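Protein sequence lines, in the order shown, are assigned to chains Z and P.
Per numbering that gives the first Met the number 0, numbering through the first sequence is continuous, rising by one, with the last residue being 121.
Per numbering that gives the first Met the number 0, numbering through the second sequence is continuous, rising by one, with the last residue being 646.
Worth flagging that the hints you see were computed from the coordinates, not collected in a lab.
Values in this document were obtained by computation on a predicted structure and should not be read as measured data.
One thing to keep in mind: the hints can contain errors.
Said to hold, decoys possible - What follows is a list of derived Cβ distance ranges for each label pair:
| no. | chain 1 | residue 1 | chain 2 | residue 2 | range |
| --- | --- | --- | --- | --- | --- |
| 1 | Z | Asp74 | P | Glu15 | 27 to 35 Å |
| 2 | P | Lys186 | Z | Ala109 | 25 to 33 Å |
| 3 | Z | Pro45 | P | Arg327 | 51 to 59 Å |
| 4 | Z | Glu108 | P | Glu83 | 34 to 42 Å |
| 5 | Z | Ser76 | P | Asp323 | 37 to 45 Å |
| 6 | P | Asp230 | Z | Ala109 | 17 to 25 Å |
| 7 | Z | Glu108 | P | Thr104 | 22 to 30 Å |
| 8 | Z | Glu108 | P | Ser487 | 21 to 29 Å |
| 9 | Z | Asp74 | P | Asp114 | 32 to 40 Å |
| 10 | P | Ile288 | Z | Pro45 | 56 to 64 Å |
| 11 | P | Lys186 | Z | Lys121 | 27 to 35 Å |
Stated by the list, open to error - Below, a sample of chain Z positions facing chain P; criterion: calculated Cβ distance under 10 Å:
| no. | residue |
| --- | --- |
| 12 | Glu2 |
| 13 | Pro3 |
| 14 | Lys5 |
| 15 | Met18 |
| 16 | Asp74 |
| 17 | Val91 |
| 18 | Ile92 |
| 19 | Met95 |
| 20 | Asn97 |
| 21 | Ile103 |
| 22 | Lys105 |
| 23 | Phe107 |
| 24 | Lys118 |
Stated by the list, open to error - Not the full set, but computed from the structure, chain Z residues with beta-carbon under 7 Å of chain P:
| no. | residue |
| --- | --- |
| 25 | Gly27 |
| 26 | Gly84 |
| 27 | Leu113 |
For each residue, glycine too, the CB sits at the ideal point set by N, CA and C.
Here's the letter readout for the chains.
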Amino acid sequence: MSEPKKVMIVDDSMVMRNMIRDVLTKNGFNVVGQAKCVADAVTMYPQLKPDLVTMDVVMPGETGIEGVKKLKALDPSVSVLMVSGLNQKNLVIQAMENGAKDYIVKPFEADDLLKAALKVAK
Amino acid sequence: MDKSSYVEAFIEEAKENLESVNKILLQLEESGYDDAAMNEAYRFLHTVKGTAGVVGVEPIQSVAHVMEDLLDVLRKEKRAPEKELLDIFFQALDTIESMIHELETTQAVSSSGKDVVAKMKAFDMTKGPCPTAEPKAEAPTSGVELTTEQKAAIAKAIEDKKPVYAVRAIFENDLKMREGRAYQLKKRLSSAGELLVMYPEWEKVSDETPEITFIVTSAETEAALMEAAMDIIGVAESKASKFELPKEEAEEENSSCKSEAKGGAQSHSSTIRVKSKLLDSLLDLVGEIMINNIRINQIAADLKHRELKQSLQNNSRLMTQMQDIVLRTRMVQVDFIFKRFPRMVRDTGNELGKDVDFIMKGNDIEIDRGLLDEIGDALVHLLRNSIDHGIEAPADRVAVGKKPKGQLILSAFQEQSNIVITVEDDGKGIDPQKIAKKAIEKGLVTPEEVAKLDDKKIIQFIFLPGFSTAEKVTGVSGRGVGMDVVRSKIEGMGGFVKIESETGKGTKMTLKLPPSMSIIRAMLVEINTEKYAIPLENVRETVKVPMDNVHEVASHGMFRLREEVLPVLNVHTEFGGLMADGTKDMPAIIVEKNENRACLLVSRLIGQQEIVVKNVGRGLRSTGYFSGATILGDGKVAMILDVGAFI
């Protein structure tokens, strides 16, 4: 098997971060970083160079949309998977308009996340 | 996915989020609509809903969901919730809180929260310009409806001999947020050719939309177009076929209100969560190690081994540092429990018809988590007492020339190494006459005894077990749980309670707490041949008492120290020894508690030392002499004297 794909998780909720981490780690991904806000994610991204970024939509400080924009500016080939709440369609679409590759909707099953992660990761 | 392991974290996080929502709603009630605050409340609730769904606690999810929807409406309309709605919100938060409590204690939630959900759903939100629910797009059951422009575009493409295909993408049954998938489909198919029609448009897609039809001109094959649609997550099936123009009209639908969520600015620090139980064990271990170290030190001293002694000294220094750090990790800001009080004060005030201006100070003061957990109930009791018995009804306040709104101040501050928390109101104060009368009625004191006491002493009667001055027992101040419980709780932790009151002006309760519950400085003494520890807080000084200077006054030994006459306490016989009567001088400790002092005779003074407080069983505690025990350097147990019991 090739190198495991590196993942950075951006979410303000610890529960969500842990859950995403566990699902991905169990399925051969390498979670290299977790950020609880966009600012942290932007700082961490250049060092971690992840193949996949999972991005919460609504977070304190800047939203996930800002997050996508900023990561896109750092690395035009960034692969961002939005992790969205049920009624955030406008935000998710905005995020995709700004370069997010795909999204999943909370609450999600492990399979949903895995399918999207495999599809989106570089 | 095993969800149980996340439940604990969910509970912790949800509690914090709910407290924040409580706080924000109070703030909105107080100072009107605020974008940032509203967004924050929405976001907190959104997280609760989302994570509840993830860990599979459906009832919490559904209550939070409905409340979130209402908040969303308010947010979009930039309006603060009216009082009626606010009350429903608080009820919803309480419902979720009790569900969380249930989840915590029984690992399951039995209530559905249906009542409060129904209440929220029934609330008339139509005041503003935007309806509560998103308008739902009609499901395209009767084929695709085309506009004139679309028909013209298709006709033109056919005329230009371009291949026109109809591509149907059918969604998975339980797919959520189909709008996004529709958007993705549109993008994907646009890249395969020219998109002439999308029905319904992605903006109008809802989770009730079973499928989407695209009309495209493309150089790709039907199979390639089908595959392109299947690329999108959530598309269960796709079909592509050559397209021919049908004859139908299209119609317009209302567009939904646009929403934009923005989190409030919030600082974040690099912290991790640690189970408080782990910290408790760590502190216990540190305590044990320190005790062991004292023992090793003694052995080294006996051996007179210099090198060993020196390295042990280093060890002691490191251990003190370690202890210090462990204690600090257990520190949390008093805000941790303070933040739930504004809500409680509001509710209590409402219930009793009192108008209360509640002010909190020193929320950032840090205190041992264990202590904080213990004093929470005591503070609730004090605050309720102040609102119930202290602060007068608005009309009564105006009648005596006060502002109609009563003031209740809860403040925390540090005094040397102690944490002091005060609850102060500007109410009617405690009437010593009333207290005295009640105490006599209850047979707690005699009129003669009362006559000898000043007002300050009389007020202290409220600490007597079973004392209650409320003319009628209200649900608020409670029944049976009185100030005596508060006092014994605080004193049990090595702190003390002070009460000051001025009739007509108000009452101030002061709780003085040790910096930590488990490690205290104590004076070690020997009584008979046993060692005992006296918390240094209760030690004022040590003296030598010449026994022939002890005078019998009304069968009590009294000793004159400078200008003060102190009762002499001799517990040698009670503690199973013989009174060494002939001794000329006896070492003694002037102990004090609650401004009472006494002279406690001991057999020998040993010295000051830090001790780790261990709880003792009910049997030993019920003797009234001991508040706990500790393990000494030699491995022996020493009881900690409860000075209050003696004087």
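Hints the structure fails to honour: 3, 5, 8, 9, 10, 11, 12, 13, 14, 16, 20, 25, 27
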